[in-house]
Amino acid sequence: MGFALGPRAQSAGYKLAAFERTGSTNTEAIEHARAGERGPMWFVTSEQTAGRGRRQRPWIAPKGNLAASILEVLDVAPAVAATLGFAAGLAEEAALEKVSLEAALRLGEGRPRYALKWPNDVLAGGKKLVGIGLEAEAVGDRLAVVVGIGTNVVAAPEGTPTPAVSLAALGVQISAEELFLALSDAWVEFRGIWDNGRGFAEIRKLWLERAAGLGERVAINTGTMTLEGIFDTLDDTGCLIVRTEDGRRLPVAAGEVFFGPVRSVGAA
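Position 142 of the sequence shown, counting from 1, maps to 142 under this note's numbering, and the rest follow consecutively.
For the record, the hints were derived by calculation from the structure and aren't laboratory data. Just so it is clear, CB atoms sit at the ideal spot from N, CA and C, and this is done for glycine as well. Do not take every clue at face value.
EDC-like mimics (lysine to aspartate or glutamate), calculated; alpha carbons at most 16 Å apart, straight line [to be verified]: (1) Lys-127 / Glu-158; (2) Lys-63 / Glu-20; (3) Lys-63 / Glu-47; (4) Lys-205 / Asp-236; (5) Lys-205 / Asp-195; (6) Lys-205 / Asp-232; (7) Lys-63 / Glu-178; (8) Lys-98 / Glu-177; (9) Lys-15 / Glu-37; (10) Lys-128 / Glu-158; (11) Lys-205 / Asp-235; (12) Lys-63 / Glu-177; (13) Lys-98 / Glu-178; (14) Lys-98 / Glu-189.
Between beta-carbon pairs, the in silico distance windows are [what the hints assert, rightly or not]: (15) Glu-31 / Leu-105: 38 to 44 Å; (16) Ala-104 / Asp-195: 28 to 34 Å; (17) Ala-201 / Glu-245: 26 to 32 Å; (18) Arg-111 / Pro-163: 18 to 24 Å; (19) Thr-233 / Arg-106: 31 to 37 Å; (20) Glu-20 / Leu-227: 40 to 46 Å; (21) Arg-106 / Arg-248: 46 to 52 Å; (22) Leu-105 / Glu-209: 19 to 25 Å; (23) Phe-19 / Asp-246: 50 to 56 Å; (24) Glu-209 / Phe-259: 15 to 21 Å; (25) Arg-142 / Arg-111: 38 to 44 Å; (26) Ala-35 / Asp-195: 25 to 31 Å.
Let the sequences and hints guide you as you build the complete structure.
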């Protein structure tokens, strides 16, 4: 089967550009926005050769994995647009649960269990399954926001700071096309709840219910320092709140999270 939008996405007026192979779906989306596309529009491929993830790490999708980017042109401030990543995580987790139903019935207690890792990853069994990244650029008086979602469907990279896993290795035998169909419909649901940031309180609540490491020790590499403490909550802007040993509650706007008291994350 080829890539197609789900029925909810079709009804909501989403567009789709599918590629057999492309350098970066995020780049395709941004270039379309610069050329006048106002979306909402998906850009999707099962083979990406030049994508970039957090801290400009290569984000490669070998044949059979899913690289998908959604372009939304919004009348919101950049800080509000950044919270759309939490809605993306919820949409991806919902899509994964849907396509994993057969595996869950077959594997029972050994079924895949998904969790959301701050700020924008989805884990399975503590390993990274999905990476989500946001880009934004002004177009006229609005903001073109691109949410890139990369899922390890058939293969996972090695040597990553957080060990990675694929759906195939978890016993979920589905295609990138099947996952995208579910994702496009789930996006409509959680994008609607988010509602240009007005519904972030509900998104925050739903996200925390699925959060990895909540209430546990974490170490966060901010790029300039390592902060350790307890993952306390998210604030109303999406910052991670760390409770330190001396009782302070510190907000973290960006960084790489490691679970447990990690002392050597600076090299990651």
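### Task
Of all the hints given earlier, name the ones this structure violates by number, lowest first.
Failing hints: none at all.
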